[in-house]
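**Q** Here's the letter readout for the chains.
Number of protein chains: 2
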Amino acid sequence: MTKSALQIARAAYVPKMPVALRGSVRAVEGAATEAAGDKEEIKRLFPHTYGMPAVTFERGDAADPMPPINAGVILSGGQAPGGHNVIAGLFDGLKAANPESRLFGFILGPGGLVEHKYMELTADIIDEYRNTGGFDMIGSGRTKLERREQFDKGLEILKELGISALVIIGGDDSNTNAAVLAEYYRSIGAGVSVIGCPKTIDGDLKNDLIETSFGFDTACKVYSEVIGNIQRDCNSARKYWHFIKLMGRSASHIALECALQTHPNVCIISEEVEANDLSLDEIVNRIARVVARRAAEGNNFGTVLIPEGLIEFIPAMKRLIAELNDFLARNKAEFKMIKKSVRHSYLISKLSKENAALYASLPEGVARQLALDRDPHGNVQVSLIETEKLLAEMVDNRLSEWKEEGRYRGKFATQMHFFGYEGRCAAPSNYDADYCYSLGYAASCLIRAGKTGYMASVRNTTAPAAEWTAGGIPITMMMNMEQRDGVMKPVIRKALVQLDGAPFRAYAAMRDEWAMTTDYVYPGPIQYFGPSEVCDAPTKTLQLEQGK
Amino acid sequence: MTKSALQIARAAYVPKMPVALRGSVRAVEGAATEAAGDKEEIKRLFPHTYGMPAVTFERGDAADPMPPINAGVILSGGQAPGGHNVIAGLFDGLKAANPESRLFGFILGPGGLVEHKYMELTADIIDEYRNTGGFDMIGSGRTKLERREQFDKGLEILKELGISALVIIGGDDSNTNAAVLAEYYRSIGAGVSVIGCPKTIDGDLKNDLIETSFGFDTACKVYSEVIGNIQRDCNSARKYWHFIKLMGRSASHIALECALQTHPNVCIISEEVEANDLSLDEIVNRIARVVARRAAEGNNFGTVLIPEGLIEFIPAMKRLIAELNDFLARNKAEFKMIKKSVRHSYLISKLSKENAALYASLPEGVARQLALDRDPHGNVQVSLIETEKLLAEMVDNRLSEWKEEGRYRGKFATQMHFFGYEGRCAAPSNYDADYCYSLGYAASCLIRAGKTGYMASVRNTTAPAAEWTAGGIPITMMMNMEQRDGVMKPVIRKALVQLDGAPFRAYAAMRDEWAMTTDYVYPGPIQYFGPSEVCDAPTKTLQLEQGK
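Residue numbers (the numbering used here), protein chains in the order written: chain A, 129 to 676; chain B, 129 to 676.
Where hints are given, some of them may not hold.
Given that identical chains are not distinguished, each listed pair holds provided it fits within a single copy or across any two copies.
What the hints assert, rightly or not - Okay, derived cross-link-like pairs now, DSS-like style, lysine-lysine, Cα gap no bigger than 27 Å in a straight line:
| no. | residue 1 | residue 2 |
| --- | --- | --- |
| 1 | Lys-539 | Lys-272 |
| 2 | Lys-281 | Lys-367 |
| 3 | Lys-223 | Lys-460 |
| 4 | Lys-245 | Lys-281 |
| 5 | Lys-272 | Lys-287 |
| 6 | Lys-478 | Lys-468 |
| 7 | Lys-131 | Lys-367 |
| 8 | Lys-539 | Lys-367 |
| 9 | Lys-223 | Lys-617 |
| 10 | Lys-531 | Lys-676 |
| 11 | Lys-272 | Lys-167 |
| 12 | Lys-245 | Lys-539 |
| 13 | Lys-517 | Lys-468 |
Keep in mind that the hints were calculated from the coordinates and are not lab data.
Using the sequences provided together with the hints, build the complete structure.
**A** In structure tokens:
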């Protein structure tokens, strides 16, 4: 493995840790907890792990020697910066308690547990990956741990390796599954505890007890770096509107955070679109109005941030897609016989009036995509829709109309961007390096305290790292019942952007000004060696949420 | 203007400078020079500025006080990181010689000179932009200074402002025009000297006397950062082939430098394609072979770097485009009458055999684009062709054929990226910050020495900055005659990737290994505050060219 100069220098970084996790650690239990919603139902589903107390770690007295523990670790789902540091913190925590402890990594995600694919993570492997991005140490995967056969199959290898604790690093779904697994293993007396860690660049796994999911900080900083660079280009060349789509299917936290960091002229927030029942047409009008007002001041350039999941938050689009899915499923054979060149008009003739009008208004490419590209379940593949092109094209059309009406004079030339893969595996910022290491270390302390069904929790993270608090939260405490694939299931509530939350309010208060004034901010690349205010600052989202 | 923490911290950076430029500076003249080619013709075209000696700066004795000078500066063409530092170095150099000197910036490029749009650049404005990216201090533009009326019109405002020296910061064309302007002003005794500075992220303005153009270092580092991040994701998820297109219409220096920094599985070099007369089909085969060989080892993932200008370097594509341009220009009216749905087959029936076969082999979208989207001169807009999608789709088709033949087993899923605007306006790396500041300072010394028709030159830049040398090179020395738009013109020779040069040879020696071994390097973000080996390293290209 050839290493860059930065990789080599960064390997020596020692993550900052809460004082409470240094040296001997004592677990202090709080009061019994309850589920976030549907308490009775959750209690019924988790008889062995419901109602456990939240745990806080404090500095302990010189500890009695602990027996060695064999633990396992799994990376689940999409990559997020800092995953390797969670594993390093877990490893160091286990070794600090007893140098004879061992850590096993399951290969390529939860599937590795079921298929018995694993490797022992020794000190030289861990050292190779400290403070690096990516999940390539053991790989990740999207197999869902949901079925009893999987649990039992996994238990075989856990027993074989003498593993008594399993740490699952994942998003809301993976942590939900960790809770189910914890409950099951306890119910059968398997002797294996299960601990979760909150991961996702999307930032939608957070609540009163989990401040943020790891990776969100780094990913947003990488996106903000390139958005800032594009904005400086935009402001220098003064001739393009840049439409920039950002990862984030379910929530718009990334787009919002990047807007707070870079001050674009427009940022669409999916949750607001849904709450206000905005149509695609209204979104297009909003953008076009900003373009026209800037053009009136001679500024034929600007930036628009768009969350990847927008389409699914537009109520009218959702209705159109639902009718298309339904119609095409019922008339599959007939539709295939229709000539490609007349499919567009055929569908318009078949759809309900409202949906037909919306479908007819879409650019040709998108209309074709909606009618053709379907996943194996017959659903439109929304992630393939190039929302940034869709909006740019519709704004262009709208401006042409306005130009004819004399309402707009200006030039409208566009550039498109989509950022996602650029940030998921960046080397972690100091914040994520510290946060992840502390999460992993806290997980080791939860294991030592004999806990199961907990998520590692590190809080007060807008303060210096020494003052952070660490502990564990019973996963059932974050759960409620929600419909998934037509069935009511216990799940961790997904954290969407709150329209009455401080981050959105801060953006909403400034957006009219940012639309017009070209107050672009250029955050620049993540720094690892400079002054603390440059290297250690948490996200704007977190600072605003904590009133800073 | 709201500033990020990094912007604020970075403003305090003091660019490192060659010892020769510190304090009093003495201009030492070398022997008379000659043009790079077509010496007699260049000499005839530049009677007043041909054959001047190269100039080297050395530390001088305590200098006599210099009279104040009013100077002008123009940013020409596409943005490149460090432009503001050239202006800062120029400003500081002029002020060091005499604090009464003044600097005027012409607004939005060469057009500002012709249209008399300018602003005085005072210390507070300069300070606001030190070490920042972008050209937004005075803006840039693409107006070409070529005609005598422009020169005369410009002279009016230069006279009005008492400007006796004009610095033009631009690429090969802009510097060619600077030489023409210098010759003209000298020929009419205008009393205005003209100095050029070598700018372009493309890296194609360099020769024996100019080591590199500024901006290339920073832009390549930004692209390599995100390519590295994508490769880490690629290597973690292990399920996508990423096709990454990189800016650079004329030369593949950017793609080559990024390949040397990140070790992708495939990198296409346009100059090699042209030299070996490779067909599109052969390029597709080359990529598909690597995909198939990796798949055979279970690795259904990888990265492919593609220079933006590739299409124009494929001889067969050039011939096809030429015939299409010609045919459609001659049969415009008739073609418009042809139904869209049969245009494809119509064109195939009309093209020559070889071109028809190639046209028929292209994916539908590209074929449509080649037949439809034309610029005002009737030419295909090559820059609109999504080469990364074209190649990915053709590789996919090729693999399907091989699968049927049993020659390939594997999965082939792709992601596309195009990086350009992300890097042109990044804040300059230490290298570019230092190099640009030194170039600007050297330009002020050339002005003080009464030179015209020179390009500022800073060399030995793989050594520590204190040991860099500075001077000026007569622009005519880099010129030869070339055909442009059907006319022979004196131009600075564009530097393409040399297939016998050290950077390409270094890549060629490793590419078979990199294709298979997944030896990805993750350069990470540009650092400003860390150890010198992380913060100050020049490009691999430059190091290899200088035998390091």
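**Q** Need the list of violated hint numbers for this structure, in ascending order.
**A** Per hint list: 3, 9, 10 violated.
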